[in-house]
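Q: If you want the building blocks of each chain, they are given just below.
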Amino acid sequence: METENLQENELAHDIREINKQLKPQVEKVREFFKRNRNLQGTREREAIAALQCCEMITKRLDVYDFYKNKSAIDVFESRFNVHRVIMKVTKILEGKSRSGKVEIEIGGSYCEITASKKIEVAFFVLLENAVKYSPPSQKVNVGFNESETMLIIEIENYGPQLEEDEVGCVFDYGFRGKRSKKYQRNGAGIGLHFAHDFFDYHGFSIHLTQNRSDTVSIKGTNFSRTIVRVEIPKTIQHSSLADSNTTEEF
Amino acid sequence: MFGYTLVKSPQNLNDLNAVQGLSSVDFYRRAKILVVDDTDFDQIETLKGRDYQIKKVDDIQDLSQAEPYDIVLIDIKGVGKAFNSPHEGAYVAKALKETYPNKRIIMITGSKYEDKYNSILKIIDGYLNKDSSTEEWEELIRENVEKVANPVKQWKTIRNRLLDCDVGIHLVYELEQVYITAIKQKSPKIFEDSRVIKSLSPAVRQVVTSLVKSVVFQVLK
Numbered sequence: 001m002e003t004e005n006l007q008e009n010e011l012a013h014d015i016r017e018i019n020k021q022l023k024p025q026v027e028k029v030r031e032f033f034k035r036n037r038n039l040q041g042t043r044e045r046e047a048i049a050a051l052q053c054c055e056m057i058t059k060r061l062d063v064y065d066f067y068k069n070k071s072a073i074d075v076f077e078s079r080f081n082v083h084r085v086i087m088k089v090t091k092i093l094e095g096k097s098r099s100g101k102v103e104i105e106i107g108g109s110y111c112e113i114t115a116s117k118k119i120e121v122a123f124f125v126l127l128e129n130a131v132k133y134s135p136p137s138q139k140v141n142v143g144f145n146e147s148e149t150m151l152i153i154e155i156e157n158y159g160p161q162l163e164e165d166e167v168g169c170v171f172d173y174g175f176r177g178k179r180s181k182k183y184q185r186n187g188a189g190i191g192l193h194f195a196h197d198f199f200d201y202h203g204f205s206i207h208l209t210q211n212r213s214d215t216v217s218i219k220g221t222n223f224s225r226t227i228v229r230v231e232i233p234k235t236i237q238h239s240s241l242a243d244s245n246t247t248e249e250f
Numbered sequence: 001m002f003g004y005t006l007v008k009s010p011q012n013l014n015d016l017n018a019v020q021g022l023s024s025v026d027f028y029r030r031a032k033i034l035v036v037d038d039t040d041f042d043q044i045e046t047l048k049g050r051d052y053q054i055k056k057v058d059d060i061q062d063l064s065q066a067e068p069y070d071i072v073l074i075d076i077k078g079v080g081k082a083f084n085s086p087h088e089g090a091y092v093a094k095a096l097k098e099t100y101p102n103k104r105i106i107m108i109t110g111s112k113y114e115d116k117y118n119s120i121l122k123i124i125d126g127y128l129n130k131d132s133s134t135e136e137w138e139e140l141i142r143e144n145v146e147k148v149a150n151p152v153k154q155w156k157t158i159r160n161r162l163l164d165c166d167v168g169i170h171l172v173y174e175l176e177q178v179y180i181t182a183i184k185q186k187s188p189k190i191f192e193d194s195r196v197i198k199s200l201s202p203a204v205r206q207v208v209t210s211l212v213k214s215v216v217f218q219v220l221k
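Quick note, the sequences are listed as chains A and B, same order. Take the first sequence: its position 103, counted from the start at 1, is 103 in this note's numbering, and no numbers get skipped. Take the second sequence: its position 4, counted from the start at 1, is 4 in this note's numbering, and no numbers get skipped.
Just so you know, these hints were derived from the structure itself, not from any lab. Glycine included, every Cβ here is placed at the ideal spot set by N, Cα and C. Hints are supplied without guarantee of correctness; some may be wrong.
Claimed, not checked - Simulated DEER-style distance windows between Cβ atoms:
id, chain 1, residue 1, chain 2, residue 2, range
1, A, Asn222, B, Asp42, 47 to 53 Å
2, B, Ser187, A, Lys28, 40 to 46 Å
3, B, Leu163, A, Met150, 36 to 42 Å
4, A, Asn145, B, Asp26, 36 to 42 Å
5, A, Gln21, B, Arg50, 18 to 24 Å
6, A, Arg37, B, Glu45, 22 to 28 Å
7, A, Val167, B, Asp26, 55 to 61 Å
8, B, Cys165, A, Val29, 49 to 55 Å
9, B, Arg205, A, Glu17, 26 to 32 Å
10, A, Gly143, B, Val57, 47 to 53 Å
Given these sequences and hints, build the entire structure.
A: Have a look at this one:
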């Protein structure tokens with residue numbers, strides 16, 4: 001088991017190393033097209049798509065990192081604008097949303113929170129999920145609601161309808177609803193579980209609701225209006241450092 | 001008849017927030033950044049092209065090699081061979097932060113899987129994934145330049161270290177006044193030549209003089 005863990009760690013490390021070499025090269029190609037507007041077109045879009053793939057590799061590895069050492073991921077908190085984070089995530093998913101003919105629309109917000117910047121990974125996973133399970137020509141809406149003490153972010157889209165007994169399981173590891181499996185063969189049921197774990201670890205809460213009376217049927221599959229709601233208290237106190245189990249002194 | 005002694009009013013450290021300095025762009029371009037990593041990063045050449053002062057070395061043999069720099073990015077593994085620690089770059093990062101508390105020490109990491117590194121993460125100033133984009137590199141550098149270029153924050157860090165090293169409170173006060181004068185008059189020499197610095201022990205003096213080499217004073221020249 002320990003050998004397997006080490007091998008997994010080495011593999012993840014190697015993938016990050018390869019991505020480290022790939023990403024700047026693709027960035028340079030992208031910069032070239034930015035500077036040479038007369039050459040923009042298909043090749044530029046390909047460069048953007050390649051860069052988005054590099055970013056997605058990073059996000060996947062960040063998920064892996066979180067499960068390997070939760071305490072490390074959130075040691076450094078800073079104050080930042082959540083809207084900006086979600087805009088960045090949306091850019092990474094541009095290629096995927098375009099190929100799935102799904103549009104992401106984001107409401108405005110100036111709200112700043114104090115948290116780990118790695119929260120980007122959790123929002124990436126949520127939006128990726130929404131894009132993946134949205135039927136074509138539909139929209140994913142991201143809305144912001146703010147009070148004195150709380151920021152609420154809602155990701156709304158049409159998603160495969162869940163059975164009533166499935167709603168309570170959506171954040172379970174490995175869970176995929178019946179209609180989700182039918183609509184999208186690929187998937188391991190990790191995304192929502194990770195997002196729940198991540199937000200929960202940071203003291204945020206996440207809920208999923210579906211409005212069964214707002215349902216559309218596309219190619220024989222029912223899609224219901226689905227809202228994933230993330231509640232972020234504006235002041236978070238972290239005790240993760242006090243709890244982290246460091247076994248070795250330097 | 002009454003005699004009187006004219007007592008100079010103490011200067012307020014927070015007055016330094018109002019000192020008219022150069023624009024923040026100059027801080028970004030004047031801050032010195034050291035990258036210690038046994039592999040190459042293409043981002044570094046790109047950032048040099050954007051006028052950041054970055055030097056990359058494969059390894060360091062002595063902590064003093066980092067003294068001229070404001071921000072040090074150091075690989076978690078594969079460096080620090082001269083220090084003979086099984087924790088390699090992580091050990092050096094910790095030692096750098098302890099020796100130069102005013103510098104920003106960032107760990108470059110491909111993995112954070114061992115929780116033994118968490119104790120290091122607690123005392124340094126951040127980490128950067130190996131496959132971060134150039135934009136993320138630049139954002140991290142700018143955030144840390146803003147911190148290292150703040151004269152009030154820098155002094156508070158040094159002041160805490162002086163008190164932790166049992167330097168007398170009257171000496172700390174005197175040095176603080178000299179520091180404020182030096183910044184206000186844009187004359188690093190006032191601080192460098194201070195008799196108080198000369199009276200400090202070598203280890204403590206090293207901490208204070210590294211401040212003289214930092215961007216806080218360098219932009220005044």
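Q: The structure should be examined with respect to each hint, and the outcome stated for every one.
A: Comparing the hints with the structure gives:
1. A:Asn222 - B:Asp42: 47 to 53 Å: holds (48 Å)
2. B:Ser187 - A:Lys28: 40 to 46 Å: holds (44 Å)
3. B:Leu163 - A:Met150: 36 to 42 Å: This hint holds: roughly 39 Å between Cβ atoms.
4. A:Asn145 - B:Asp26: 36 to 42 Å: holds (41 Å)
5. A:Gln21 - B:Arg50: 18 to 24 Å: Once the Cβ atoms are compared, 21 Å apart, the range 18 to 24 Å for arginine 50 of chain B and glutamine 21 of chain A holds.
6. A:Arg37 - B:Glu45: 22 to 28 Å: holds (24 Å)
7. A:Val167 - B:Asp26: 55 to 61 Å: holds (57 Å)
8. B:Cys165 - A:Val29: 49 to 55 Å: holds (52 Å)
9. B:Arg205 - A:Glu17: 26 to 32 Å: Violated, since arginine 205 of chain B and glutamate 17 of chain A (Cβ atoms, about 41 Å apart) do not stay within the stated range.
10. A:Gly143 - B:Val57: 47 to 53 Å: Because 48 Å falls inside the window, the suggested range holds.
When each numbered hint is compared with the structure, a violation occurs for hint 9 only.
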